[in-house]
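**Q** Could you build the full structure based on these sequences and the hints that come with them?
One-letter residues, chain by chain:
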Amino acid sequence: MELNADRYARDSWLSAFDPRVKLLCFLSLAVVIAFLTGTDVLLLALAFVLSMAAVSRVPLRHLGRGYAMAFPFILVASLTMLFTSGSGNALAMGLRISSSALLLLVLVSSTPFMDVLWALRWFKLPSVLSDMIMFTYRFIFVILDESGRMRLARASRGFKGGRSLFDREAFKVLSNTIGMMFLRSYRRADRVYLALLSRGYDGKVRTLSGFHVRARDAGMGLTFVIIGALALTQQMGWYVWW
Amino acid sequence: MGEVDTHIPDGLMDPIVVGAGWALALPIIALAVYRLKKNLNERAVPFMAILAAGIFVAQMLNFPVAAGTTGHLIGATLAVALLGLYGGIVVMTTILVIQCLVFGDGGLTALGLNLLNMAVVAPLVAYGVLRITRKGLDNWNGIGVPLAAWTSVLTAALFCGVQLALSYSLSGGSYGIEALLSIPTMGIYHAMIGVGEAIITTGVVLFLSRVAPETMEFGMRAKEAKA
Chain L
803 MELNADRYAR DSWLSAFDPR VKLLCFLSLA VVIAFLTGTD VLLLALAFVL SMAAVSRVPL
863 RHLGRGYAMA FPFILVASLT MLFTSGSGNA LAMGLRISSS ALLLLVLVSS TPFMDVLWAL
923 RWFKLPSVLS DMIMFTYRFI FVILDESGRM RLARASRGFK GGRSLFDREA FKVLSNTIGM
983 MFLRSYRRAD RVYLALLSRG YDGKVRTLSG FHVRARDAGM GLTFVIIGAL ALTQQMGWYV
1043 WW
Chain G
570 MGEVDTHIPD GLMDPIVVGA GWALALPIIA LAVYRLKKNL NERAVPFMAI LAAGIFVAQM
630 LNFPVAAGTT GHLIGATLAV ALLGLYGGIV VMTTILVIQC LVFGDGGLTA LGLNLLNMAV
690 VAPLVAYGVL RITRKGLDNW NGIGVPLAAW TSVLTAALFC GVQLALSYSL SGGSYGIEAL
750 LSIPTMGIYH AMIGVGEAII TTGVVLFLSR VAPETMEFGM RAKEAKA
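Taken in sequence, the protein lines are chains L and G.
Terminal number for the first sequence in my numbering: 1044, no gaps in between.
Terminal number for the second sequence in my numbering: 796, no gaps in between.
If you are wondering where the hints come from, they were derived from the structure by calculation, not from laboratory data.
Check the hints yourself; a few may be wrong.
Keeping only pairs whose Cα atoms sit at most 27 Å apart, straight-line, the calculated DSSO-like set for lysine-lysine is [said to hold, decoys possible]:
{"#": "1", "chain 1": "G", "residue 1": "606", "chain 2": "L", "residue 2": "1006"}
{"#": "2", "chain 1": "L", "residue 1": "974", "chain 2": "L", "residue 2": "962"}
{"#": "3", "chain 1": "L", "residue 1": "926", "chain 2": "L", "residue 2": "1006"}
{"#": "4", "chain 1": "G", "residue 1": "607", "chain 2": "L", "residue 2": "1006"}
{"#": "5", "chain 1": "G", "residue 1": "607", "chain 2": "L", "residue 2": "926"}
{"#": "6", "chain 1": "L", "residue 1": "926", "chain 2": "G", "residue 2": "606"}
Only some residues are given here: those of chain L computed to face chain G with a beta carbon under 7 Å [claimed, not checked]:
{"#": "7", "residue": "868"}
{"#": "8", "residue": "879"}
{"#": "9", "residue": "899"}
{"#": "10", "residue": "983"}
{"#": "11", "residue": "985"}
Ideal Cβ positions, reconstructed from N, Cα and C, are used throughout, including at glycine.
**A** Written as structure tokens, this is what we have:
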């Protein structure tokens, strides 16, 4: 998991698109890919995803790192498939997980967090959940800071991480660390909340900026629909394109 | 599987299983959100979010399992012990949605299954075990918490194993992993991970109830944690 996942989002060419359209497009394509089992249609999907990656201008190294995290899992799933149901299925499995994993990586690394949140609100996600998502995202970095300092303190006192489940000392240190992390964050949350109150927080979120669906958003939608329809009709045998 | 995060990715499971995951998870999450909203004070959201962020970060701390492999916390039992069932479900849902939509961890379509396993099944099992042991035993956090943590992890993992097996048999071998491989592997590996989860969850709950009993009242339903 890359922590500053939306680091390149603002520079991405895709970030200017309406996040609602983008979320819908990517989600629909992910659904289509989930249905694909033929190697030919999966290669088409992968080629399209790779071209989206190129167009997004997210550095390849960034996408590659995300993909490398998922790769061992893809390898295990495909290898198991190879031994249980043949090489065709194994290849399809590898291609399917790879293309949908890359699709999601392109989406998350080309969409700033606040845009995702804005789109989720527009899609009428219950306010409890959207507020939870907003606060949690903010607090993750507060807690990471805190835990980074604690890790440094731990390491400088010679803590190594333990060897097995029977390492009592390691687990004691880890539980106390997590407990202390909660405690410090809890105190800080109190201050954050008071700060919010003093700035007029009343549980509602208002934003100045918004998005409008423009011609290019419609173009993106159309492209995704064409690719999705092409792959799905071929896969299901409704129409044989090639 | 080692260091790799094991959220279910897109494309692994049969579409029918994926659909069933959404169909089972969403109503229960909706119910939890609705019930939570009814007796929510305005302070609760930031406090629940701190817990969610804390579990998110705690999930990144690997603990040693055996022979060089490591595991990490799921955190459902911790969330339930501090916030009760509905709070636990909402906290776990928040974490999974952020992991999916912000960090690309776990698939878009597979989010339904990840929610079912880790935000619905795990909290429900944890809550059930905590309730049962609270009635039977006075010393609830000495036995109830570790038992709840271990059982919830194992059940969630077995659910995932069964989903893999179902995908395999429903699709005739195009999706998932065969039952004979998936269920024992998921079960055995997570029976060990569960021990780590049990130790850490108990450690954190004991630590918090000793050092700062007031944090056990993170917002609402403190009774769940104390009784």
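**Q** Now, for every hint given, state plainly whether the structure supports it.
**A** Hint check results:
Using a Cα cut-off of 27 Å, the hinted pair residue 606/G and residue 1006/L holds, with the two alpha carbons roughly 14 Å apart. Taking the CA atoms of residue 974/L and residue 962/L, the gap is about 13 Å. The hint holds against a cut of 27 Å. For the proposed pair residue 926/L and residue 1006/L, the alpha carbon gap of about 14 Å is at most 27 Å, so the pair holds. Pair hint residue 607/G plus residue 1006/L holds up; C-alpha atoms about 17 Å apart against a cutoff of 27 Å.
For a cut-off of 27 Å, the pair hint linking residue 607/G to residue 926/L stands: about 18 Å separates their Cα positions. The suggested pairing of residue 926/L with residue 606/G holds, with an alpha-carbon distance near 15 Å, which does not exceed 27 Å. The closest approach between the C-beta of residue 868/L and any C-beta of chain G is roughly 6 Å, which is under the 7 Å cut-off, so the hint is satisfied. For residue 879/L, the interface hint holds, the least distance from its beta-carbon to any beta-carbon of chain G being 6 Å, beneath 7 Å.
Checking residue 899/L against chain G: minimum C-beta separation of about 4 Å stays under 7 Å; hint holds. Below 7 Å, beta-carbon pairs count as interface contacts, and residue 983/L has one with chain G at about 6 Å; its hint therefore holds. Checking residue 985/L against chain G by beta carbon gives a least distance of about 5 Å; that is within 7 Å, so the hint holds.
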